[in-house]
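Chemist: As a plain string of letters, each chain reads:
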Amino acid sequence: MTNFLMPSRRALLKGAGAGLLALALPAVVGAQAAPIKIGFQLHRTGIGASYGRWYERTATAALKLINDAGGIAGRPVEIVFEDDATDPKRGAEVVDKLTQQAGCDLVMGTLFSHVVMGSAPRAGELKVPYLVCSEGYHVASGALNRWTLQPGITDVRAQISTMAPWVAANLGKKVTMVFPDYAFGHDHRDFFTKAMAEQGGEVIAQIAIPPTETSFTRYFPQIPAETEVLYHVMVGPAVLTFVKELGEFYGTGAKPALFGFVDSLEAVDTATPGLEFLEGSHFWEGHPRVKPADAGEHEAAYRAAVGVDDNGASVSDAKDVSTYAHMFSTWETLYFIKNAMEAAGYTGPADRQKLVEAMEAITDLPYGLEHPQGAKRFNGKTHQVFGSQYISQIQSGKLIKVHATTIDEGLYPDAVDYTAMSF
Amino acid sequence: MAFGPFLLLALMEGLVTAAVLALAASGLSLVFGVMRVVNVAHGEFFMLGAVIAWFVTGMVPGPAWLAFAVAVVVAPLAVAALAALADALVLKRLNYDPEATIVATIGLLYMLQQAALTFYGPDARPVAAPFDLRLQTPWFGYSGYKLFVVLAAGVVLAGIWALMTRTKAGLVMRATQVDRDVARAFGINVDRVYMGTFALGAGLAALAGVLIVPITQAHYLMGGDPLLLSFIVVIIGGLGSLRGTLVAALVIGLSDGVISMFFSPTLAKILATLLVAMVLVFRPQGLFGTRSP
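Chains as they are written, first to last, in full-length UniProt numbering: chain A, 1 to 423; chain B, 1 to 293.
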């Protein structure tokens with residue numbers, strides 16, 4: 001006879017087994033639901049701080065959508081933001097810290113090209129996927145490594161090769177370039193000069209400006225008088241000074257047509273007093289800041305999620321203008337990660353190599369809420385994504401989209417095959 | 001562009017640099033002269049002036065000149081008050097020990113800079129110039145406001161000179177500069193003189209910041225360059241000598257304008273730093289400084 005007080009040996013064993021199972025169950029469930037940790041190398045301070053703030057907001061908005069929809073492969077996702085002070089040396093340390101201390105599965109989010117150049121080698125040594133949102137040609141040029149990819153934004157070379165034919169056909173053929181004197185500016189100098197020559201145009205002067213410069217009037221006398229188009233691409237906190245001083249310099253006198261990369265005006269209100277002389281001038285935009293009349297069906301949802309109004313400013317403060325032409329890259333990179341992790345059956349850091357291979361296998365990224373800037377094509381060999389570019393004109397103080405390019409216009413021959421490199 | 005207009009533009013740019021520099025550096029020089037304190041946070045007072053000007057002009061309704069006029073008064077006063085507070089809370093407690101105050105002002109530098117980042121943000125924000133005047137020469141256009149900055153700096157510097165040489169406050173400050181113990185023996189409240197001097201120095205930096213902000217925008221990292229250039233000017237001119245500071249600011253400002261236009265801005269910085277090295281080697285007290293006992 002068995003009773004509650006005197007259980008048989010079998011009942012005791014059964015009970016103990018069930019108890020052990022019950023204890024172990026939460027651990028098993030917990031392991032499945034452990035969050036995926038994405039390290040974000042953020043320009044929270046330093047000259048990239050305006051971009052950093054919006055990169056953080058955009059990535060956080062995408063993260064919320066991804067988690068609300070069930071996370072990645074059923075696991076919740078976390079982003080660990082770490083400030084790199086927009087400094088290359090600190091950048092490498094941040095990659096280290098995010099990977100080794102915070103235990104992130106991968107690292108993403110860097111914009112400034114000198115920080116990318118400083119950080120990518122460390123990511124390669126740690127064998128951690130490093131997904132940059134930087135525009136630089138450094139990924140597709142083959143200068144980096146198998147662990148570094150740029151899946152969220154097109155590179156300067158592609159951008160320029162689509163802009164040069166338009167500039168030559170619509171604005172003029174004698175161009176003077178003003179650009180920052182480091183990697184990003186040099187990409188512009190080299191590719192635009194070449195692309196312009198192919199269009200029968202000519203770059204007649206190249207004016208390189210040190211990245212920490214705060215006053216620009218002294219450089220303007222170097223602009224030759226016969227210049228038809230002034231091509232400007234400036235970055236950093238002094239961009240507004242640059243455009244204002246340019247306006248003062250030309251004043252009411254004759255002036256060349258202006259073509260700029262919106263980097264010269266990111267986070268700056270185009271209706272700022274002193275910028276009137278930009279009226280009628282053209283800008284490249286990665287993603288039109290002012291919502292175009294023919295915007296895609298997901299544009300409104302994307303703006304609402306990030307908290308940006310139809311003019312590209314924060315919904316809570318109309319003076320807080322976003323870095324709209326670039327920040328979509330963090331959103332799209334997060335969805336690219338989701339896509340690749342689910343394809344690779346990613347379970348943890350041991351699968352990092354498998355993850356990079358899955359990323360390299362991705363080709364088409366169709367337009368949708370996952371890719372609100374437009375459809376894209378990823379090149380697994382060069383680790384670079386290709387997409388549409390936009391040209392906007394300042395009309396009544398607002399950037400109005402006037403031209404869009406196709407993906408094919410921005411393609412160029414592969415300069416590297418990362419898939420042939422070892423991990 | 002022909003040589004003549006090119007040189008004219010270079011000189012005008014140089015003059016603007018010189019004017020702002022003279023204002024900022026005179027504050028640094030005053031603080032060192034009277035208090036023997038090397039104020040590393042001086043550039044941050046400059047930045048605060050610009051940032052506060054942005055806040056003030058945003059709050060004052062009405063025409064741009066009125067908002068700017070309010071900023072010119074409010075920003076330097078606010079910064080001076082902050083400096084007086086820093087003096088009472090930090091410098092005084094360190095007994096104005098030269099080494100300790102350097103470290104303390106480095107700390108102050110970071111606190112002010114990060115506070116600006118937290119409360120003001122990372123963007124460069126514009127402040128409208130009090131008037132919109134552009135001078136159109138046959139070769140190039142030039143901002144009328146920049147010339148106003150030169151004039152305003154001249155007026156303020158004349159005021160400082162009058163304050164130091166023609167008023168009782170100036171007399172007391174000069175007495176403290178010569179020998180603080182003897183000054184104290186004569187009944188001068190040295191603590192109050194120090195607090196006033198530190199506030200005045202910071203206020204001058206802030207005023208320079210307010211004047212420059214319609215040209216370059218307010219940004220939380222803008223204090224770095226003026227600090228470096230102010231030190232260069234003060235070392236060349238002679239620490240504690242207002243006349244030396246003015247002459248050195250003109251030399252550095254104009255040479256910076258001309259050299260960076262005709263050659264490169266980097267060369268201008270190299271030459272300025274080289275000049276500092278030469279002065280330190282051959283005339284350590286500066287061009288107009290007196291050898292300290």
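Simulated from the structure, these hints should not be mistaken for lab results. Treat the hints with care, as some may be off.
[Said to hold, decoys possible] From the structure, some residues in chain A lie toward chain B, with a derived Cβ separation under 8 angstroms:
no.: 1; residue: 53
no.: 2; residue: 56
no.: 3; residue: 57
no.: 4; residue: 141
no.: 5; residue: 143
no.: 6; residue: 217
no.: 7; residue: 221
no.: 8; residue: 241
no.: 9; residue: 271
no.: 10; residue: 273
[Stated by the list, open to error] Calculated Cβ distances over 10 angstroms to all of chain B for the following chain A residues:
no.: 11; residue: 46
no.: 12; residue: 47
no.: 13; residue: 182
no.: 14; residue: 240
no.: 15; residue: 250
no.: 16; residue: 267
no.: 17; residue: 272
no.: 18; residue: 315
no.: 19; residue: 339
no.: 20; residue: 375
no.: 21; residue: 381
no.: 22; residue: 393
[What the hints assert, rightly or not] Which chain B residues face chain A? A few, computed with CB under 10 angstroms, are given here:
no.: 23; residue: 12
no.: 24; residue: 15
no.: 25; residue: 89
no.: 26; residue: 93
no.: 27; residue: 95
no.: 28; residue: 97
no.: 29; residue: 98
no.: 30; residue: 99
no.: 31; residue: 115
no.: 32; residue: 132
no.: 33; residue: 137
no.: 34; residue: 143
no.: 35; residue: 156
no.: 36; residue: 214
no.: 37; residue: 261
no.: 38; residue: 266
Think of the CB as a built atom: it goes at the ideal place given N, C-alpha and C, for glycine as much as any other residue.
Chemist: Each of the hints needs a verdict: does it hold here or not?
Modeler: These are the hints, each one checked on the structure:
Look at residue 53/A: its Cβ gets to within about 6 angstroms of chain B, closer than 8 angstroms, so that hint holds up. The interface hint given for residue 56/A is violated, since its Cβ lies 11 angstroms from the closest Cβ of chain B, which is over the 8 angstroms cut-off. Annotation: residue 57/A was flagged as interfacial toward chain B, and the flag is violated, the nearest CB pair being 13 angstroms apart, outside 8 angstroms. At a threshold of 8 angstroms, the smallest CB-CB gap from residue 141/A to chain B is about 27 angstroms, leaving the interface hint violated.
Interface hint at residue 143/A: violated, since its Cβ lies 26 angstroms from the closest Cβ of chain B, which is beyond the 8 angstroms cut-off. Of the supplied interface hints, the one on residue 217/A holds, with its beta-carbon coming within about 6 angstroms of a beta-carbon of chain B, less than 8 angstroms. Proximity of residue 221/A to chain B holds as hinted, the smallest CB-CB distance being about 5 angstroms (cut-off 8 angstroms). Residue-level restraint check for residue 241/A holds (minimum Cβ-Cβ distance to chain B is 5 angstroms; threshold 8 angstroms).
Interface restraint check: residue 271/A against chain B, minimum CB-CB distance 11 angstroms, threshold 8 angstroms, status violated. Taking 8 angstroms as the C-beta cut-off, the interface hint given for residue 273/A holds, the closest approach to chain B being about 5 angstroms. With a least beta-carbon separation of about 8 angstroms from chain B, residue 46/A fails to lie farther than 10 angstroms from that chain, contradicting its non-interface assignment. With a least beta-carbon separation of about 7 angstroms from chain B, residue 47/A fails to lie farther than 10 angstroms from that chain, contradicting its non-interface assignment.
No Cβ of chain B approaches the Cβ of residue 182/A within 10 angstroms, the least distance being about 13 angstroms, so the stated non-interface status holds. Residue placement check: residue 240/A does not keep its beta carbon more than 10 angstroms from all beta carbons of chain B (closest about 5 angstroms). Its closest Cβ contact with chain B, about 6 angstroms, brings residue 250/A to no more than 10 angstroms, contrary to its assignment away from the interface. The beta carbon of residue 267/A sits about 5 angstroms from the closest Cβ of chain B, which is not more than 10 angstroms, so the claim that it is off the interface is violated.
For residue 272/A, the shortest C-beta to C-beta distance to chain B comes to about 5 angstroms, within the 10 angstroms cut-off, and the non-interface label is violated. Remark: the non-interface label on residue 315/A is consistent with the geometry, its nearest Cβ contact in chain B lying 17 angstroms away (cut-off 10 angstroms). At the 10 angstroms boundary, the C-beta of residue 339/A stays outside the reach of chain B, the nearest C-beta of that chain being 32 angstroms off. Every CB of chain B lies more than 10 angstroms from the CB of residue 375/A, the least distance being 32 angstroms, so the non-interface label holds.
Taking the minimum C-beta to C-beta distance to chain B, about 37 angstroms, the non-interface status of residue 381/A holds against the 10 angstroms cut. Every C-beta of chain B lies more than 10 angstroms from that of residue 393/A, the closest at about 22 angstroms, which supports listing it as non-interface. For residue 12/B, the suggested interface contact is upheld, since its CB lies about 9 angstroms from the closest CB of chain A, less than 10 angstroms. The restraint placing residue 15/B at the interface with chain A is violated, with a minimum CB-CB distance near 12 angstroms, outside the 10 angstroms limit.
The beta carbon of residue 89/B comes no nearer than 26 angstroms to any beta carbon in chain A, farther than 10 angstroms, and the hint placing it at the interface is violated. At a threshold of 10 angstroms, the smallest CB-CB gap from residue 93/B to chain A is about 30 angstroms, leaving the interface hint violated. A hinted interface residue such as residue 95/B counts as satisfied when its beta carbon comes closer than 10 angstroms to some beta carbon of chain A; here the least separation is about 34 angstroms, so the hint is violated. The restraint placing residue 97/B at the interface with chain A is violated, with a minimum CB-CB distance near 31 angstroms, outside the 10 angstroms limit.
Nearest Cβ of chain A to the Cβ of residue 98/B: about 30 angstroms, over the 10 angstroms cut. The hint is violated. Interface restraint check for residue 99/B: the shortest CB-CB distance to chain A comes to about 28 angstroms, outside 10 angstroms, so the restraint is violated. Annotation: residue 115/B was flagged as interfacial toward chain A, and the flag is violated, the nearest CB pair being 13 angstroms apart, outside 10 angstroms. Interface hint at residue 132/B: satisfied, since its Cβ lies 8 angstroms from the closest Cβ of chain A, which is below the 10 angstroms cut-off.
A hinted interface residue such as residue 137/B counts as satisfied when its beta carbon comes closer than 10 angstroms to some beta carbon of chain A; here the least separation is about 9 angstroms, so the hint holds. Hint on residue 143/B holds. Least Cβ distance to chain A is approximately 5 angstroms, under the 10 angstroms limit. Against a cut-off of 10 angstroms between C-beta atoms, the interface hint on residue 156/B is violated, since the closest Cβ of chain A lies about 21 angstroms away. The closest approach between the C-beta of residue 214/B and any C-beta of chain A is roughly 9 angstroms, which is under the 10 angstroms cut-off, so the hint is satisfied.
A cut of 10 angstroms between beta carbons decides the hint on residue 261/B: the least distance to chain A is about 5 angstroms, and the hint holds. With a cut of 10 angstroms, the hint placing residue 266/B at the interface with chain A holds, because the nearest CB-to-CB distance is about 7 angstroms.
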